[in-house]
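Chains A and B supply the protein sequences, listed in that same order. First residue of the first sequence? That's 1 in the working numbering, and the numbers climb one at a time after it. First residue of the second sequence? That's 1 in the working numbering, and the numbers climb one at a time after it.
Hints may contain errors.
Mimicking DSS-like on lysine-lysine, the simulated pairs with C-alpha atoms at most 27 Å apart in a straight line are [to be verified]:
no. : chain 1 : residue 1 : chain 2 : residue 2
1   : B       : K73       : A       : K8
2   : A       : K8        : B       : K18
3   : B       : K3        : A       : K122
4   : B       : K3        : A       : K120
5   : A       : K8        : B       : K263
6   : B       : K74       : A       : K8
Label-pair distances were calculated between CB atoms; the ranges are [claimed, not checked]:
no. : chain 1 : residue 1 : chain 2 : residue 2 : range
7   : B       : S146      : A       : E126      : 37 to 43 Å
8   : A       : D143      : B       : Q133      : 29 to 35 Å
9   : B       : D24       : A       : S87       : 47 to 53 Å
10  : B       : E129      : A       : R115      : 52 to 58 Å
11  : B       : H46       : A       : F52       : 57 to 63 Å
12  : B       : F260      : A       : M112      : 42 to 48 Å
13  : B       : E153      : A       : S87       : 28 to 34 Å
14  : A       : M112      : B       : A211      : 22 to 28 Å
15  : B       : H29       : A       : D81       : 47 to 53 Å
Think of the hints as simulated: they come from the structure by calculation, not from any bench. Don't be surprised by glycine CBs; every beta carbon is placed ideally from N, CA and C.
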Amino acid sequence: MSTRNSEKEAAGQLLDNLYLDMFHLVEEHTQCRVNLEQSNASGAILLARTRFQHGGSHCVSTAQIPTENSAEFNALCRVVDSTDGISIERQKVDKSKGFVEPLHWFSVLPPMSLRNAVSKFKDCIELVAESTNLQRQLGEALDWITNLRRSAVLN
Amino acid sequence: MLKSTIVDARVRLVPSKKLLDFLDAQKEHFQQVPENVAKIMKQNGHTLPIRIKIIKDAGLVHKRPKIDYDLLKKLTENLPDTPKESAKDQPESEPEAEVKDSNDEESPKQVKYFLYLNDLHWLSNTLAELRRQDHCQVFLHQLIESCDLLLPENEMKPRNPELEARCQRLRAEQHNRDYLKMTKNVDAGLKHYPEDTISYQIKSLNKQIIAVVQFIFSVAAGFTFGFFGVNLMVGPLPFGFRILLGVIVALIIALAEMYFLAKKLHEYDEVLDAPKRKPQPTTPTKRKVVSTPPADGSQVQTLKPHAD
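Bound conformation, chain B alone:
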């Protein structure tokens, strides 16, 4: 099982019975209700009065609320032995744990509707309004105390079996190659395997010779250009200067060419290092062409020969 990326980073809150009942009881006083909340109330069998406007809050983004830290400090300053207690009951995880515990037995069924952050903002504003109008004295924290908080979680995905099989095959091939490379000069059967045949030697020699000849040729061409070409273009030049020009041009080309030559020869080394064997029977498992026998009864099955 693999963890996949979190798709929905939103915090979700499962509304409790208390919260829904409260919404139902207070619905006369609402001016407007977010779409999500309206849906949740409908699903729970509560109807909304018709005059309430339903807001679609698709693009609505709420900012983080301002917190009055001075007041906060004032309110919490005369707490008795705070550090000891907070160390005891681990404030980091306490609120969530508390919230969860209170709701576990209440809603064992799978719920499909959640309150999102926008709804909570709306609820908070509405409650402030209601408190001001003296309809009730309820705070948001009292309502959400009994709610279940769902934190965004990774989805678990099983690994694709095809990929797994392919990975294993590749890994086995790689290990096999490493092993052959390691045992090349121990195993007598392998030792002379490809390198000792004359054709192989000549082939690899040919490749290298071609690379070197190319190098020499381009350097010579560079020198010729410096020696004759510049003279032809500009006019008669002293002999010493012509030689100097030729050497300079040839040097520049030689430097550039040297880089590529080194790279190429290095590659040959690589190829020589890994002994080649006839394709192993284990590798081409992926291409099994099984053609179903046609219905008209011809018994000859055509299997494709090795594609690779």
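In isolation and in its complexed conformation, chain A is listed as follows:
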């Protein structure tokens, strides 16, 4: 009887912890999304400022992005999905190996605001990865909660 009780106690405590963990994850996830929004917005503002300062569509436009017929190049940034979540892998710019600097599509001497915008958008990618990880953990926690609630120990 006492082992049964202690098991029930442990399971109950576990479920409590899972719930608290879920709340923590929800908060962190929200915070992460808020950060993402801010970072993305300031990146967009900086991009707009670049276009404003350097004369409309001449400085930065979609026409400058390579198309299918352009020379091939490798991606600088990769998403790596491993067992402990998603992570972002970045490569150094190295022309001989095909890693070109995307900033140079737009101008040889990119203005400061464009550089800042790039760093903001880079932050965004990191935040997206973090947010995905948190979301996965949250889903996992919810799964555990449903499973544990269904298990016989609590009833």
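Starting from the known structure of chain A, fit chain B onto it as the hints suggest.
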């Protein structure tokens, strides 16, 4: 309507009647109570004994609880056909939905007090303590089952009408300009509009000539410096070397100047591309100076002339 940024990222929990009753029943055993919980109990008409300390948890940060995954796996391993069931009732949204359903009819009134994460941590610790002392056998999950969970939400904000009006005006202007540019060589009335007058031609010619003359002048000055200046500073140099120096200096300056010249001439092209018209009557709507007639009866209203 626009979504604005989430200001408060905290999870909020509306305490249910069951939870409040439980707190009231067990209040004899508490040593200390967070400020927020104390406030909530007060608002619901429950009094706290005086000896209970009220903690102010402004700067308190709780870490995520450690979860014993081994035990968790052990407890859930012999569940009957888990995957099928979980696929059926969608575990992603189930707990919240369940919690919400049970409380919807209970509290239709607007509530202003919430339990935050710190309070939940306190509650969890206190319940563990109570269970150890055998006062009750209640778990946190049993208490919060009946509570309403409020997730952080975006506030909806209406768009500022002034901004909207301004945006529309600017957009219309831009479209108008584009249209004029497009129809410049079709519409006979526009075709000769500004470019054909002699003064306009001479003006734009003047600007370009000045730019070119500046360029030539600075290149010549550079050459002169290389040819004479260095000779004067260093001493007598052979003639060929002087010419070489002059050309090098002039080249450097020409390169730098060329960049600016190209930029400037490019700008002129831009200006020439967009035909200018007399300011349209639709544009200056923003500055309407309506002066209220003064009380002493002078009927003359002074309206400012166009500021722009």
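>> When the structure is checked against the list of hints, which entries are broken? Sort them ascending.
In response: 5, 12
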